[in-house]
Each structure stands twice: as structure tokens, then as C-alpha cells.
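Undergrad: We have chain C already, so just place chain H on it with the hints.
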Amino acid sequence: MKRAVKNTLRGYLFASPWIAGFVVLGLYPVVMSLYYSLCQYDVLRIPQFVGLRNYRELLFQDHYFYTAVWNTLFYTFIRSPLVIAGSLILALIVSKAVRGVKFFRTIYFIPSIISGVILSVLWLWLLNPEYGFINSALQFFGLPGPLWLIDPHWSKPAIILMSVWSLGGGRMLVFLAAIQNVPAHYYEAVEMDGGGWWAKFRNVTLPFISPVLFLWFILEVIFSLQVFVEAYVMTKGGPLNSTLFYNLYLYNKAFDDFDMGYASALAWLLFIIAGIITFIQFRVSNKWVYYSGGAEK
Amino acid sequence: MRRNRRDNYLIMGLMTLIALFFLLPFMWIVLTSLKPEAEVFSRALLSVTLHLDNYIKLFDKIPFLLYLRNSVFITLLSVIGVTLSSSLVGYAFGCMSWRGRDFLFYCVIATMMLPMQVTMIPVFVIFKELGWLNSFKPLTVPMFLGGGAFNIFLMRQFFMTVPSTLLDAARIDGCSEWSIYWKIVLPLAKPALATVAILTFMFTWNDFLGPLIYLSDKAKGTLALGLGQLAGQQQPEWAILMAASVLMMLPVIVLFFLFQKYFIQGFTMSGIKE
Chain C
106 MKRAVKNTLR
116 GYLFASPWIA
126 GFVVLGLYPV
136 VMSLYYSLCQ
146 YDVLRIPQFV
156 GLRNYRELLF
166 QDHYFYTAVW
176 NTLFYTFIRS
186 PLVIAGSLIL
196 ALIVSKAVRG
206 VKFFRTIYFI
216 PSIISGVILS
226 VLWLWLLNPE
236 YGFINSALQF
246 FGLPGPLWLI
256 DPHWSKPAII
266 LMSVWSLGGG
276 RMLVFLAAIQ
286 NVPAHYYEAV
296 EMDGGGWWAK
306 FRNVTLPFIS
316 PVLFLWFILE
326 VIFSLQVFVE
336 AYVMTKGGPL
346 NSTLFYNLYL
356 YNKAFDDFDM
366 GYASALAWLL
376 FIIAGIITFI
386 QFRVSNKWVY
396 YSGGAEK
Chain H
66 MRRNRRDNYL
76 IMGLMTLIAL
86 FFLLPFMWIV
96 LTSLKPEAEV
106 FSRALLSVTL
116 HLDNYIKLFD
126 KIPFLLYLRN
136 SVFITLLSVI
146 GVTLSSSLVG
156 YAFGCMSWRG
166 RDFLFYCVIA
176 TMMLPMQVTM
186 IPVFVIFKEL
196 GWLNSFKPLT
206 VPMFLGGGAF
216 NIFLMRQFFM
226 TVPSTLLDAA
236 RIDGCSEWSI
246 YWKIVLPLAK
256 PALATVAILT
266 FMFTWNDFLG
276 PLIYLSDKAK
286 GTLALGLGQL
296 AGQQQPEWAI
306 LMAASVLMML
316 PVIVLFFLFQ
326 KYFIQGFTMS
336 GIKE
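Those sequence lines, one after another, are chains C and H. Note that the numbering used here numbers the first sequence so that position 163 is 268, with each residue one more than the last. Note that the numbering used here numbers the second sequence so that position 199 is 264, with each residue one more than the last.
Derived from the structure by calculation, the hints contain no laboratory data. Misleading hints may appear alongside valid ones.
To be verified - Distance condition first, Cα-Cα at most 35 Å in a straight line; then the derived DSBU-like pairs of lysine-lysine:
#1 K326(H) / K207(C)
#2 K193(H) / K126(H)
#3 K341(C) / K255(H)
#4 K341(C) / K193(H)
#5 K255(H) / K207(C)
#6 K248(H) / K193(H)
#7 K341(C) / K285(H)
#8 K285(H) / K126(H)
#9 K201(C) / K326(H)
#10 K122(H) / K248(H)
#11 K283(H) / K122(H)
#12 K111(C) / K193(H)
#13 K285(H) / K193(H)
#14 K202(H) / K122(H)
#15 K126(H) / K341(C)
#16 K201(C) / K255(H)
#17 K283(H) / K111(C)
#18 K283(H) / K341(C)
#19 K305(C) / K207(C)
#20 K126(H) / K283(H)
#21 K111(C) / K255(H)
#22 K122(H) / K107(C)
#23 K305(C) / K326(H)
#24 K326(H) / K285(H)
#25 K202(H) / K255(H)
#26 K326(H) / K255(H)
#27 K202(H) / K248(H)
#28 K392(C) / K305(C)
#29 K341(C) / K202(H)
#30 K326(H) / K193(H)
#31 K248(H) / K326(H)
Bound conformation, chain C alone:
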């Protein structure tokens, strides 16, 4: 009995750094954030309780809010499938046992180690309409290049292009691992039936890796909703608010306007939006995700 008490005390002692952090930087802030979202609060004065006013203003008066939601959803729903499809194709290509394939895998992965500010600054230059790499390359093939970050229609696709470049190789390795786990005899069965590569992909590879694909669809959406640094560094939300993403708007409200109550309400709405999308993904998943353990349905 005494031993068990001692063990428990020791357990709490070892876990105490996390427990302290959880209480001070987790639980308490969540409660306060909820409270702030019901207040007018500029950090200098004490929060003034205003009830649901922030939420009402956001939903019914603030057209920037809807611009930010639209931009972020556009970004999320175009980027996530593109990144996943692109890296899946890459994974299929490098899953072939040809000479030098390991070398190519490493090359494809390299851009994945660049992120955040560096990535944004590099692409600010690569996307320069007149002297950047992308348009120079397009011109080399005789294609006209768009104005990218300067054109409100092309600014979001420009940032999406950048993320495909920077994420493709990393996700490729994730999917490659999944593809390599598919038992070979299933492919042999398709071959015996005279099926080609498409039949193999459609009937064997895809079902087998669908749980991994599903997981990364969920993660990809959550990551995409967080987009911030790219817009802050590259466009500041412009041109014409075409890259005013949700978290950039939240940052502006919180740390430029010091409207902390309003920003807290924004944070909770984002949490709700992310929750809804994830919920829908789970609901749709039993239509296409196959668990080979037999736990489907």
C-alpha cells in the first residue's frame, strides 16, 4: 500500500514539468480565452464583459471575416488534394526499383527541410514576375507567366505552388513507406488476372494505403488552416486582401489593433471550423477508407 503511494508520488514528480505547463499554459489560457472572447479587452485596461457582441459582430457585420474564411478555405481545399495527389504520384514513381532511386528520393526530400520565413523569402524572389525563376522557366518554354503575388487572382495559387514544392518530397516518403508495406502477392493476383498497372493501383495499392491517405488528409487540412508566415512575409494579406488568411487577420486584430477580445472570438471560431471539417472527413471516410484488419464499417 505504502509502495503504491510512493510510486504515484514519484509518477507525479516525473510528470510535474508537463503538469505545470499544462495548468499554466494550457488549461488556464483556454478558460481565459473563452472569457476574453466575451469581453472587450485591449491588454491595458481590465477586460469589459460584453456578452456575445464579438461573435455577433464577426458573423453579421465583419466582411473581412468572410474574406479571410473564403481565402483560407480556398487555400485549404485546393492545396490539400494537390499536395496529397502530387506526393502520392512521386511516391509511386520512386517506389520502382531502378538504379539511383535512393539518390532521387533524397533530392526530392531536400525542399521539405526549408520552411517558414526562409521558404517565403526564397519564393518571393522565385515568383518575381519579371526576373524570377518560375516565369523565366515558363518563358523558356514559350509560355506567358502570370504576375503571381501581385495579381489577386494568382496570389493564392502562387502560395499553393510554393507549398507543393516544399511539402511534396516529405509526404512522398510517408506514402512510400505505406506503399512498400503492401503485400506483394496481391499484385501477383492482379497480374494473373491480366490486370495492368492501373488495375494494380486501383485495386491493391489504393485500398491498402487508404488509412494513411485519410490520416494525412486530416492533418493536411489542419496544417493548411494555420497558414500565416507565408502571407505575413510575402504579401501582408494583399493584393486586395486576396491573401488575407484567417490567422493573419487574427494576428492583425490581436497584435496590431490590440483587440484581444475580438481576436479570441476569432480563435474559437477557427477551432469550430476545423472541428466541423474534420468531423465531415470522418463521416465520409467509411465510404473510401479500407482497413485490412477487418475493422471496417
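TA: Structure of chain H alone, referenced to chain C:
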């Protein structure tokens, strides 16, 4: 047989093309950083003479060494804090049995679901009340408090693979829990520690939002902040900007080639960025 061979060549060709897509941008950037500013706006790939002027001029544009020192300080402290505390907490969850353990571990998992925007503002207020704004404390002290849910999870998963007979034998021999952690389990956990360390390095070295919120004093800036600042100018000087980016990328790339395995492990488990 011949058909197979042709297919292989096709795949090799395709792979080379894709490699160009991933690599040429890097070449472009390095070449830009080696051009005189006047030649940046010309389509000539290479300047007649490669010159390193931009790498020197950079030091007049931003206090590069100061920023470097700040970045290294924050990054180093974070890596130490996260590896130490996440392994300690991971040990408690993975190797010890105690009442309330499973419930608290669910809490760890639950915090992963919560977006940081929700806690960001109250946490800012706390640090402001403590008078920690414009110091490195808001960026480093939290790293010693468990080091983040994901890292705890990762360490715990690794510790679960340590045979419990080994731990029990050590306990029977009178080893204290601390020395089992420090002398037996931690040395075994080097691969997991390396992965956590690399993830933390990548995060803090590139972190922009944290320094942006907490370090408004120019003398406290980090490299990431300085680079963003340099890019935000009305007329960016591209050659210098690219030189700065290359310098900031360098440690990441060197580390990547030294510790490829752990980079890949970290990435495939977490997605590193964002």
C-alpha cells in the same frame, strides 16, 4: 526484357525532370546571391565574375552576428529544454505505473487537438504580466515544461519498447527511478532523442510568430525575424536577401546531411513544419 529496360529509362528520365523541379530553384537562389546587385535584373544566368560582396554587405544591412547569437541562444536552450523535459515526462508515462497516469496521458493527447491560436492571447497576457516581453524567457522557459505534447508522445512511444523486465531487474537491484531514467533508459533512447532534437531545432530556428510577438526590441531580434524584416522593405535588395537566406539555410542543410535518418523519421511522423 527489352520493354522493361525501356520503361526503366523512361522512369529515370522522368525522375531527372522532377529532380530539376526541386533543385533548380536552389541553384537560382545561390546564383542570385553571387551576382552584383546591378546584374540581378538581367536574364544572364551567371555574372561574369562571381563575387561575394552581398555576403559582406549583409552585415551592414542587419546586425547579422547579433541576430545569429540570439537565434543560436534560443535554439540551443530550446533543444536542451525539450529533450530533457519530454524524455522525463515520457518516462513517467511510458515506464512507470501510477494512479492517474492514463487520464493525464489522455490530457496530453487532447492538447494536440487544440490550435495554438486559442491559447496564444492569454499566454501573451501572462508573459506580459510577468514582465517577460522583450526577453527570451517566453520562447525558452515553456520548452522546459514538457516540451510539447507531440514530443512527449514520441518519447513515450519509444520508452514503451524498452522491455519492462530490464526496468524491473534494475528496480530489484535497488536502482532509484531517477538513475534508471538517466543511466539505463536515456542512453537507449538516443534515436528518439535525436528525432526530438531535430524537430525542435527546425521549429525554433525557423520560428517567426513567437519572436514577432515577444521580441519587438530590435536588439533582441532573431535571424528569422531579421530576414522577414529585410524582405519587407519597399525595394528589397534581392542579391543581399538571397545571401542572407543562403546563410540561414546553411546550418539546416548541413545538419540534414549529417543526420538524414532522423530528419526523415521526424518528418514522416509529424510533417515538421506548420
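Undergrad: Work down the list of hints and note, for each, if the structure agrees.
TA: We went through each hint and held it up to the structure:
A hinted pair counts as satisfied when its Cα atoms are at most 35 Å apart, and K326(H) with K207(C) qualifies at roughly 13 Å. A distance of roughly 30 Å separates the Cα atoms of K193(H) and K126(H); the hinted pair therefore holds under the 35 Å criterion. Among the hinted pairs, K341(C) with K255(H) is inconsistent with the structure: their alpha-carbon atoms are about 42 Å apart, more than 35 Å. Between the alpha carbons of K341(C) and K193(H) the distance comes to roughly 26 Å, so the proposed pair stays at or under 35 Å and holds.
About 25 Å separates the Cα atoms of K255(H) and K207(C), which keeps this hinted pair within 35 Å; it holds. A threshold of 35 Å between alpha carbons decides the hint, and for K248(H) with K193(H) the separation of about 39 Å lies outside it, so the pair is violated. For the hint pairing K341(C) with K285(H), the CA-to-CA distance comes to about 23 Å; that is within 35 Å, so the pair holds. Taken as a hint, the K285(H) and K126(H) pair is honoured in the structure, with Cα atoms around 16 Å apart against an allowance of 35 Å.
For the proposed pair K201(C) and K326(H), the alpha carbon gap of about 21 Å is at most 35 Å, so the pair holds. With a CA separation close to 49 Å, the supplied pair K122(H) and K248(H) exceeds the 35 Å bound. As the CA atoms of K283(H) and K122(H) are separated by approximately 19 Å, the hinted pair is consistent with the 35 Å bound. Annotation: proposed proximity of K111(C) to K193(H) is violated, straight-line Cα distance about 38 Å (limit 35 Å).
For the hint pairing K285(H) with K193(H), the CA-to-CA distance comes to about 16 Å; that is within 35 Å, so the pair holds. Between K202(H) and K122(H), the direct Cα distance comes to roughly 32 Å. Compliance with the 35 Å bound is thereby established for this hinted pair. The straight-line distance between the Cα atoms of K126(H) and K341(C) is roughly 22 Å, inside the 35 Å bound, and the hint therefore holds. With a C-alpha separation of about 32 Å, the suggested pair K201(C) and K255(H) falls inside the 35 Å cut-off, and the hint holds.
At roughly 50 Å between alpha-carbon atoms, K283(H) and K111(C) are farther apart than 35 Å, so this suggested pair is violated. For the given pair, K283(H) sits about 20 Å from K341(C) by alpha-carbon distance, which is consistent with the 35 Å threshold. Distance restraint check for K305(C) and K207(C): the Cα-Cα separation of roughly 23 Å lies within the 35 Å cut-off, and the hinted pair is therefore satisfied. Restraint check for K126(H) and K283(H): satisfied, since their Cα atoms lie roughly 13 Å apart, inside the 35 Å limit.
Taking the CA atoms of K111(C) and K255(H), the gap is near 29 Å; set against the 35 Å cutoff, the hint holds. With a C-alpha separation of about 68 Å, the suggested pair K122(H) and K107(C) falls outside the 35 Å cut-off, and the hint is violated. At most 35 Å may separate the alpha-carbon atoms for a hinted pair to count; K305(C) and K326(H) meet this at roughly 30 Å. Our distance criterion of 35 Å between C-alpha atoms is met by K326(H) and K285(H), whose separation comes to about 34 Å.
Of the supplied pair hints, the one linking K202(H) and K255(H) holds, its CA atoms being roughly 28 Å apart against a limit of 35 Å. With a C-alpha separation of about 13 Å, the suggested pairing of K326(H) with K255(H) holds against the 35 Å cut-off. With a C-alpha separation of about 30 Å, the suggested pair K202(H) and K248(H) falls inside the 35 Å cut-off, and the hint holds. A C-alpha spacing of about 20 Å is found between K392(C) and K305(C), which places the hinted pair at or below 35 Å, so the restraint holds.
The straight-line distance between the Cα atoms of K341(C) and K202(H) is roughly 28 Å, inside the 35 Å bound, and the hint therefore holds. A hinted pair counts as satisfied when its Cα atoms are at most 35 Å apart, and K326(H) with K193(H) does not qualify at roughly 40 Å. The straight-line distance between the Cα atoms of K248(H) and K326(H) is roughly 25 Å, inside the 35 Å bound, and the hint therefore holds.
Hints 3, 6, 10, 12, 17, 22, 30, counting from the list given before, are not met by this structure.
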